[in-house]
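Trainee: Chains as they are written, first to last, in this note's numbering: chain R, 1 to 660; chain E, 1 to 141.
Please note that the accuracy of each hint is not assured.
[As the list claims (entries may be wrong)] Pairs of lysine to any residue residues, derived as SDA-like cross-links and limited to a Cα-Cα distance of at most 25 Å, are as follows:
| hint | chain 1 | residue 1 | chain 2 | residue 2 |
| --- | --- | --- | --- | --- |
| 1 | E | 41 | E | 125 |
| 2 | E | 90 | R | 205 |
| 3 | E | 131 | R | 347 |
| 4 | R | 30 | E | 22 |
| 5 | E | 41 | E | 122 |
These aren't lab readings, by the way, just hints derived from the structure by calculation. Because the structure is a prediction, the values reported are computed rather than measured.
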Amino acid sequence: MADLGNILLFFLFPVSVFTALTALAAGITKRRGLLEAARRGAYAAFAVTTLAVLALEYLLVTSDFSIEYVASNTNFALPLFYKIVALWAGHNGSLLLWTWIVTIFSAIVAYQHRHKNNDLMPYVLFVMATTMVFFSILSVFISNPFQTLYQDFGNTLQEFTARDGHGLNPLLQHPAMVIHPPVLFIGYVGSVVPFAFAIAALITGKLGSGWIHTTRRWALTTWGFLAVGIILGGKWAYVELGWGGYWAWDPVENASLLPWLTSTAYLHSVMIQERKGMLKIWNMALVISTYLLAIFGTFLTRSGIVSSVHAFANSGLGPAFAVFLSMGIIFSLSLLIYRRKDLKPDEEMESLVSRESGFLFNNLLFLLATIAVLWGTMFPVISELFTGDQITVGPPWFNNIMIPIGLALLLLTGAGPLLAWRHTSVETLKRSFGWPTLGSIIFIAILFAFGIRDGWALGSFAISFFVMWTIVVEFVKGANIRKKNSGENFFLAMYMLSRKNTRRYGGYLIHAAMVVMFVGFTGNAFNTETRAEVGEGDSFQLGPYTFKALTIIDEQNDNYSSQTLEMEMYRDNRLIDTISPQKRFYFASEQPSTEVDIYSTIREDIYAVLSGMNNDGTKVIVQVYRNPFVSMVWIGAFIMGIGTLFAMLPNLRESKAGGE
Amino acid sequence: MSYFAYLIGLSFLVWIVLPLFKKDSTWISLYMEAEELADKKQRVYGNIADLEFDFAMGRLSEEDFKIIRQSFLSEAGRVIEKLESQKSSKLMDRIKNDLEHLGKKKKKKKSKKRTAVFCTECGTENLTEAKFCMKCGKELS
Chain R
1 MADLGNILLF FLFPVSVFTA LTALAAGITK RRGLLEAARR GAYAAFAVTT LAVLALEYLL
61 VTSDFSIEYV ASNTNFALPL FYKIVALWAG HNGSLLLWTW IVTIFSAIVA YQHRHKNNDL
121 MPYVLFVMAT TMVFFSILSV FISNPFQTLY QDFGNTLQEF TARDGHGLNP LLQHPAMVIH
181 PPVLFIGYVG SVVPFAFAIA ALITGKLGSG WIHTTRRWAL TTWGFLAVGI ILGGKWAYVE
241 LGWGGYWAWD PVENASLLPW LTSTAYLHSV MIQERKGMLK IWNMALVIST YLLAIFGTFL
301 TRSGIVSSVH AFANSGLGPA FAVFLSMGII FSLSLLIYRR KDLKPDEEME SLVSRESGFL
361 FNNLLFLLAT IAVLWGTMFP VISELFTGDQ ITVGPPWFNN IMIPIGLALL LLTGAGPLLA
421 WRHTSVETLK RSFGWPTLGS IIFIAILFAF GIRDGWALGS FAISFFVMWT IVVEFVKGAN
481 IRKKNSGENF FLAMYMLSRK NTRRYGGYLI HAAMVVMFVG FTGNAFNTET RAEVGEGDSF
541 QLGPYTFKAL TIIDEQNDNY SSQTLEMEMY RDNRLIDTIS PQKRFYFASE QPSTEVDIYS
601 TIREDIYAVL SGMNNDGTKV IVQVYRNPFV SMVWIGAFIM GIGTLFAMLP NLRESKAGGE
Chain E
1 MSYFAYLIGL SFLVWIVLPL FKKDSTWISL YMEAEELADK KQRVYGNIAD LEFDFAMGRL
61 SEEDFKIIRQ SFLSEAGRVI EKLESQKSSK LMDRIKNDLE HLGKKKKKKK SKKRTAVFCT
121 ECGTENLTEA KFCMKCGKEL S
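Please work from the sequences and hints to get the whole structure.
Mentor: Pasting the structure below:
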């Protein structure tokens, strides 16, 4: 089976090279036969990669420990479910998953456009196939997952089969980890589709809104997957890493945030191009950056140039990625410069106070955020270059910069939609902003009276209140107007209103989700924690909570041994819940892991970690965190997913093509 | 097992190369200016829809609304005019072409498709697909 997988995977290389070449030739000669061959190439690439993935899955599930990848990422005792997902647990396998998704998307795009966009398609396929060529080189020649195990017998190397595998990294044995990588990868890889169409538009000079319309849904889908993938990563870090938080500005977390920032900027600025024919170069630049940053993120995770909890060990792919990235940058930049004259704006900005300028500020802030995160992430590398030492900038640095930018963006979320296109007069400004502003000021006063003194937190809550108000007003006002005109009842009117412009109202829903998430982020300002050494019967306090240690249980199964502390949690002398953090030791990988226990409500999370035994071995050390509003982050993410799905629904009756 | 894999791989290679040996034809690029104009038309209509929505939601004074709307309407008028003139010149090309091919057999009649809608307010002749009168801006039913 390993041979089968290896040989089929090998065929990906000639097939993708052939696809890239015929696609390019088709673009130049406009011959149907060549385009058809390129299209078939995309299908064939998908077919061989799928078979290779299935072969690897077979090896993983049947525990064939003659294969290095299987032996280092699974063991006999590992539950079947984790054997299956071990496909993306290690570097080589996850690279194969990346490659597989590229071929899936290429095949889908080739099929969707088999009867249309003949002018663009050759170059679209060319760009996608080039990406495939690159990843096939990595998967086939550098990081092959079908590599067999070798052992040195005197002076000859011989294949051999390990008796048992190393096992799956304990940190990865968690449900969020199961879906986090594929979801994130879909988000990463998805950026290749808008990129391919943008490049095709640049090459052919068909720079109208055609390519934008074609890729609108792709851009939105991949944006949504990226967002959900990032948050799932946060959720995984929160429940699995045991340091009490979900986001640490870790290089790999940042790497996934970067393309999300640029694609969010794009989803907004593209509306200006649709309405005013402006920002054409900028939109191109954003689509190109998103793709390059996605590749960069993959590079960062695998090159070992920065250290991270999420990174794979140094895999020696650094130089290959560096070459591919530089080629991408040079190629796209030269195309942009070559077409700069055709990308001139059709209209000029008319007023500083208008929807357009709101979008401009939004883009400026996203650009700042991208640069800041990129700079902070790369700072260790840059500092090493100049001073010889890796200087890491920590979370405080990122927080200092990103909190103001984030709040400004949040404010725009509320203010932007209240501005009219072209021009908004002072009088209407007063009318739109008066009540929400007054409401937020009163809200701050109430919070202040309740004892909240943190400036950033007050600001954040006030802005969240303001934005939520404006969003609710948008829905209610719109529904009332429709109700008056159509005679429908209020709820039907609201439904019809949103279904008639799903992008606008899906967008508002996503904005509301951002508000909910920001409330969750702001909760960080009020985190408290305590650390205690407890034996059976001991108790300790955290805020209004009392924890009473009941028993310490030692257990063992095939996979790991564990120690569990059972505690009762009281508030005002009332028993609320039993909370039992656990520490595990996995046999196969010889690694410890902490299983935190979280008591979660909308208001706050009580998060308990068992750190281990104290020095004399008589008591266990337990760390308890009280984190307000963390659930809001997950709830917000859920609303965001729904908003994204809603925005993708087709509008009911397209007669008045609307949107903003 | 490995022979089987080679067989699968090679048959895929053959399958993708096959179209290169078929009898071939080329495609013709679409007329770009027409596409651009259609783009512009779409944009103006979208702008008008947004403007009306903004006005209904109270984000715009009535005065601004009227001025901006008028400018959009005349822009729409210009775009449609251009589109139409292009369509008819294309139509003329086709008719000429057809006539050459038909020889003297029949003179093709000019298409009767271009029916017009008259504005109830000022009587200006507008195109069927127009939503607003290109002279006075009244909504056409």
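Trainee: With reference to the structure, classify each hint as holding or not holding.
Mentor: Hints and how they fare:
no.	hint	result
1	E:41 / E:125	holds (19 Å)
2	E:90 / R:205	holds (23 Å)
3	E:131 / R:347	holds (23 Å)
4	R:30 / E:22	holds (15 Å)
5	E:41 / E:122	holds (23 Å)
Checked against the numbered hints given earlier, this structure breaks none of them.
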